[in-house]
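Novice: Protein sequences appear in the order of chains A and B.
Sequence positions in the first sequence follow this note's numbering and run 478 to 817.
Sequence positions in the second sequence follow this note's numbering and run 8 to 255.
Hints were generated in silico from the structure; no laboratory data involved.
Keep in mind that this is a model prediction, so the values were computed, not measured.
Don't take each hint at face value.
Label pairs and their calculated CB-CB ranges [as the list claims (entries may be wrong)]:
#1 R66(B) to G588(A): 53 to 61 angstroms
#2 N182(B) to T492(A): 50 to 58 angstroms
#3 E600(A) to N182(B): 58 to 66 angstroms
#4 F718(A) to G132(B): 54 to 62 angstroms
#5 G140(B) to A805(A): 18 to 26 angstroms
#6 W665(A) to R66(B): 52 to 60 angstroms
#7 S589(A) to S28(B): 13 to 21 angstroms
#8 P138(B) to L593(A): 25 to 33 angstroms
#9 D117(B) to F718(A): 56 to 64 angstroms
All C-beta atoms in this analysis are idealised placements derived from N, C-alpha and C, irrespective of residue type, glycine included.
Single-letter residue listing:
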Amino acid sequence: MSERARLMGWALLATVLVLLPFGVTSGRWIDFVELTLFVAVMGQAWNILGGYGGQYSFGHALFFGTAAYIQALLQFRYGISPWVAMWFAAAGSIAVGAFVGYLSFRYGLRGSYFALITLAFAEAFHVLARSLISVTEGGRGVQLALNQDPERAIATFQFTFAGEFLQAYGYYYTILIILLLAYAATWWMERSRFGASLMAVRENEDAAEALGINAFRVKIGAICLSAAIMSMTGVYYVQKFLFVDPGIAYGPSKSVEALFAPIIGGLGTVLGPLLGAFFIHGVGEFAKEAIGAVWEERPGVDLILFGVILILVLGFLPRGLVGLLDTAWRRLTGGRGGHA
Amino acid sequence: MLEVIGLSKTFGGLKAVQDASLKVDRGEIVSLIGPNGAGKTTLFAMISGFLKPDSGSVRYGGRDLVGMKPHEICLIGVVRTFQVVQPFANLSVRENIAVGAHARIRSRADALGRAAEIGRRLGMGKMLDQPAGALTVAGRKRLELARALATGPDLLLLDEVMAGLTPTEVSEVVNLVRGIQEAGTTILLIEHVMQAVMSLSDRTYVLNQGRMIAEGTPKSITSTPEVIEAYLGHGAAARIAAQGGGGA
């Protein structure tokens, strides 16, 4: 596919997502897409470090949770505007990313060692959030006050009482804007010197060093960009649910959700995390519906299915769904494809 | 241009390189030969910053390269290739070479353009869009050369870029290396293929068991007794001399 065709494809996809609320009236479907976009942003954050950089993190909740806590606490304790707090949230996540990255990459930790150290840090922050009660409110979590004044809906970044349209679609557009920015950043990165260096480091660190690439700096850059994108999902989450606790912030579920989508969709591709997010959520919803219809409600059946899908993809589709599409495209056109 | 002074490196009890010195002048092609395990690649690794020597120094353009990182050394103009080729397997040939080009070029489009240009110059024009992982041994060796060249080096350290090639391929690469030197890049090469060493080098150093045992023109080297003994075993030089210098 040519560069131009790809760009057109993205423009079309973005248009569909922007216009979706005008075509789809079912709140349930909008919720489904909104949740999928949320996962797709986390997936892209993970993909920048894991897919493009080859550094598999198992603790991306670190960046989600840190941003969520900063976003919540600055409002809760100091009454700071959410629009100001979000910059601190991003800065906080980036700082944590730089710190963890410095410790890991300085000592050349790669592969499973890097995965373990990120997991350990996420757990350490989990424990800290639970025990530093005077700062984080501990296990009770931080509950933000609900704004009921429609006049202040934008100022408080809360859409529950923001008029009919924003009430229904405010959060959908919030995550959509975050997604478009994150994906544009990834698209840019893929076509930049930084992206080329990052992929070179993923492929072979020694060869990259020999060609003038400061592998340490490139990896730090990747983890900071990854953390910055992940932080926006934390901000979104807090503004939507007005609540965060240690389990939500630093529990393993966000870390796992972040890596699922890109691995299934296609590592190191811009489209992969979005495709993967739609696929796993589509399948998850379908499984819940189908099994719920045949038997009764079986909570957790979608998780079992995710596990099976992950194993199948790892076994048979090393390039993920994007790889599958790419092969199909080549068969159809008979020409050269090129990954999306 | 490059001056290696008394470089030593020990791995556990093994003295890989002992007090080795060499000099390369601007515009030369200098070769480094020696039997397997002589310490040639170790010496290269120390010059290019991948290994830290136990003692000695590497002078280049008025600075000491010892203690500098490989990427810093690359950016001041000294680039190595790897004996065991290290392609970025999932990237295309063009993208591989562009990684090297980015050492001096920020813009992605310009780097890709430069990569294509260098690829064509090294006879890889048809392979530019292939993944590097799909290349043959000869292709990978060439890619190794192309990537290093793309960084715009003043001094190129080539580690056995001809090993494993057919005689035809060797003479092609010999011409490429000659062309690179004529375009203004100084070259230090490790090579086992004597055909290449003889036809390319201005001067040759011989390393054996970590020590520099001889230095001179390629022709004079082959008649040095120490060198003959290093390759053919103790007493070989005397036997050859007894046979009147022929039949080696």
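Novice: For every hint, state whether the structure bears it out.
Specialist: Each hint tested on the structure:
no., hint, in the structure
1, R66(B) to G588(A): 53 to 61 angstroms, "violated (38 angstroms)"
2, N182(B) to T492(A): 50 to 58 angstroms, "holds (55 angstroms)"
3, E600(A) to N182(B): 58 to 66 angstroms, "holds (59 angstroms)"
4, F718(A) to G132(B): 54 to 62 angstroms, "holds (57 angstroms)"
5, G140(B) to A805(A): 18 to 26 angstroms, "holds (22 angstroms)"
6, W665(A) to R66(B): 52 to 60 angstroms, "violated (42 angstroms)"
7, S589(A) to S28(B): 13 to 21 angstroms, "violated (43 angstroms)"
8, P138(B) to L593(A): 25 to 33 angstroms, "holds (31 angstroms)"
9, D117(B) to F718(A): 56 to 64 angstroms, "violated (47 angstroms)"
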